[in-house]
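Trainee: What follows is each chain in one-letter form.
Protein chains: 2
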Amino acid sequence: MLRNLSVGELTPKEELEKRIFNLKKKMEEKGVELSLIIQNVDLFYFAGTVQKGALIIPVDGEPLLFVERNADRVRYETPFDFIPIKREKDIRDILNERGIKGKTLGMEFDVVPVALYERWRDILKIDNVIDISNEIKDLRLIKSPFEVEQIKKSGEVTSHVLKKAKDVIREGMTELEIDAILGAEGRKKGHQGFLRMRGLNQEMMNIYITHEHSCTIPSSGDVPIAGVGITHAIAQGASMNIIKRNIPVLLDYGGGYNGYITDETRAYVIGSLDEMFRKPYEVAREIVETTMVFAREGINGKEVYERAHSLVKKAGLDDHFMGHGRGKVGFIGHGLGLEINELPVITPRHSIILKEGMVFAFEPKFIFPGRGAIGIEVDFIVRKDCLERVTDAPIDLVFI
Amino acid sequence: MLRNLSVGELTPKEELEKRIFNLKKKMEEKGVELSLIIQNVDLFYFAGTVQKGALIIPVDGEPLLFVERNADRVRYETPFDFIPIKREKDIRDILNERGIKGKTLGMEFDVVPVALYERWRDILKIDNVIDISNEIKDLRLIKSPFEVEQIKKSGEVTSHVLKKAKDVIREGMTELEIDAILGAEGRKKGHQGFLRMRGLNQEMMNIYITHEHSCTIPSSGDVPIAGVGITHAIAQGASMNIIKRNIPVLLDYGGGYNGYITDETRAYVIGSLDEMFRKPYEVAREIVETTMVFAREGINGKEVYERAHSLVKKAGLDDHFMGHGRGKVGFIGHGLGLEINELPVITPRHSIILKEGMVFAFEPKFIFPGRGAIGIEVDFIVRKDCLERVTDAPIDLVFI
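Residue numbers (my numbering), protein chains in the order written: chain X, 1 to 400; chain F, 1001 to 1400.
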């Protein structure tokens, strides 16, 4: 029944087993005897379901998936055996019965709230709890061929919306109207509904239509451009700003398919591009093109940033690169997967050697206070000898 | 500039001051000398902005709002003075300079992740940290006239979408198509973009189109009906299910205006209602109508639930009320405000005396495994002598 209603493929069993095997290796290195996974995205990564439950992974035994509510769904979604429970406290008794114990418990400290941490520490009666979130993020950094396939399908949704925008954006419309129409386009094409971003206060929309000064107001998120929003209570996304000729309209769209996110940006112009944006656009384009020539497995992400940055400095655009003033962000690319803020981060602040299967959004953007912004964002899959584009949407400036 | 781009009114200064005053009273009762507010919704509640920062409230002094990024936005949004900082660590120095200290720190344990809790404990050098999330939730329980006004505007968005649905829902469409069209309708009408739900793994969409068996599969959330979703990675919302005659289509829509949420459900039928849903619909309607007759300030929420429940039992529908089997939820209503899972919860599990200014969604629903579901959800404001409806959308079954 579920099969006919949903379109997303289930995660293959061997894939889940391999992920758990890899986590166990990391647990062993860190001296963690049991791991407790409760965040829904991590649960999906290791067990193939987001249903309410808890996954306990002993370093030297089989994983135990405890399910609180929806056994029928979980039975369909996960290839693992699982144990239906009524309350979380039942888990302690079951672990005791099976003789499963550990002195050191690993948990996801970057997302698990203090109250839940304390409750689980009490349920499992383990005092020594340590953070395994970095280990999980490291595992999720390299995407499998199955994951890359999902990301490419997510890219099809993104590509569709980026192409459709040419028929929608018109002078005199508000950003909000364009957002509504293109948001619906993506959803009809199979967008999963929302996107996930890891951590407290990390909120995002599927679509950002920004234009002129609405592009240039920093947001509370660590992103170069997020828009003003139609209320300061949300403070991001489309605003009531009206689209004018010759000034770029930026469309930053996040596709979502079967949990996997893509994230690309294009610039659209009604009429002819105001001269002030011409050079920045060319530099953004040059950055994307030169990066595609040299970057591949083995290259340091830091070098990717620095080569881009030297083109920016040569063009005299440093003050506007990736924000301005306190709105500047310290990266030019961010990892994509089940969440939009994954590794790798392409930044001068630390080294990361690119490896086959990493996926990241690459977004040279220039912001001119009060005037507007321009840039390009494309998603890359790192390959042995190149960067592969995720979508087929051209990176050209689109004239309307 | 921001004023022209966004439509949401700023929170009045006296309102923010009153909220902080009330929190201080609770801090005093609990022996908390300093409170640290970092979750964006709580920050919005107490300081009027969601920009990245931290609000420190000494029990016996003026609040200090530290802002990390976006001073211009905060200056416009908050009536308070604030202190721009470069890094969170600067806060310690500033507190030291000003001689502000405390031995007991209050934090939002229900939402703040362990890693952030540890970082802040280290920054502020306070070992004794206690949970103030229940105190904050209690304060937010009673809505001020300003808040009720925002909720009513949010209700206008909801009302618009509920009415528009009659022109959109047609036989042969997928749930997903209806979702896309009505989602866009709400956004065009000024929906803020997304809705907030408090806590780990609490995710939600603005719109749920469910029909026939897609209504009847429990979700991972503590809600009676959430749909199947188009992927098990999201596992909620519209699916690829095709709309058929005579079976109810449920539209559960969450309006959002200036941060405030409304949440109503209507049933739509193409043709004539299948006989099996007739009585459940009438009982849902009777529950809403009788509740509106007796419930008001001073009535116990438990009584509201129990009176509804006795109508359900009399009609022999108990097995289907608010879910079936393990999918059953233990409430018939939930509080609304800046988050969709606020207090009060209308449940038999604990007493809550209704008070003027409480706002809750009330949702008698009946689920028939594999067959479909029907019900009504309306939002109420508790008044001295009645319940006031938030929206003007009729509660009738809509025939198409």
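Everything labelled a hint here was simulated from the structure, so no lab data went into it. Quick reminder that beta carbons are idealized off the backbone N, C-alpha and C, glycines included. Treat the hints with care, since some could be wrong.
Said to hold, decoys possible - DSS-like cross-link-like pairs, simulated, lysine-lysine; straight-line CA separation at most 25 Å: (1) F:1189 / X:166; (2) X:189 / F:1164; (3) F:1086 / F:1026; (4) X:328 / F:1086.
Stated by the list, open to error - Which residues of chain X face chain F? A partial, calculated answer using Cβ under 7 Å: (5) 52; (6) 197; (7) 202; (8) 317; (9) 319.
Said to hold, decoys possible - Distance ranges between label pairs, derived from CB positions: (10) X:326 / F:1127: 29 to 35 Å; (11) X:371 / F:1081: 43 to 49 Å; (12) X:118 / F:1103: 30 to 36 Å; (13) F:1119 / X:96: 46 to 52 Å; (14) F:1009 / X:201: 21 to 27 Å; (15) F:1294 / X:22: 28 to 34 Å; (16) F:1012 / X:22: 25 to 31 Å; (17) F:1079 / X:394: 43 to 49 Å; (18) F:1075 / X:353: 28 to 34 Å.
Trainee: Now look at each hint and say whether the structure bears it out.
Mentor: Taking the hints in turn, this is what the structure says about them:
no.: 1; hint: F:1189 / X:166; verdict: holds, 23 Å
no.: 2; hint: X:189 / F:1164; verdict: holds, 22 Å
no.: 3; hint: F:1086 / F:1026; verdict: violated, 31 Å
no.: 4; hint: X:328 / F:1086; verdict: holds, 12 Å
no.: 5; hint: 52; verdict: holds, 4 Å
no.: 6; hint: 197; verdict: violated, 11 Å
no.: 7; hint: 202; verdict: violated, 10 Å
no.: 8; hint: 317; verdict: violated, 21 Å
no.: 9; hint: 319; verdict: violated, 17 Å
no.: 10; hint: X:326 / F:1127: 29 to 35 Å; verdict: holds, 33 Å
no.: 11; hint: X:371 / F:1081: 43 to 49 Å; verdict: violated, 30 Å
no.: 12; hint: X:118 / F:1103: 30 to 36 Å; verdict: violated, 21 Å
no.: 13; hint: F:1119 / X:96: 46 to 52 Å; verdict: violated, 34 Å
no.: 14; hint: F:1009 / X:201: 21 to 27 Å; verdict: holds, 22 Å
no.: 15; hint: F:1294 / X:22: 28 to 34 Å; verdict: violated, 59 Å
no.: 16; hint: F:1012 / X:22: 25 to 31 Å; verdict: violated, 54 Å
no.: 17; hint: F:1079 / X:394: 43 to 49 Å; verdict: holds, 48 Å
no.: 18; hint: F:1075 / X:353: 28 to 34 Å; verdict: violated, 43 Å
Going down the numbered hints, you'll see the structure goes against 3, 6, 7, 8, 9, 11, 12, 13, 15, 16, 18, while the others check out.
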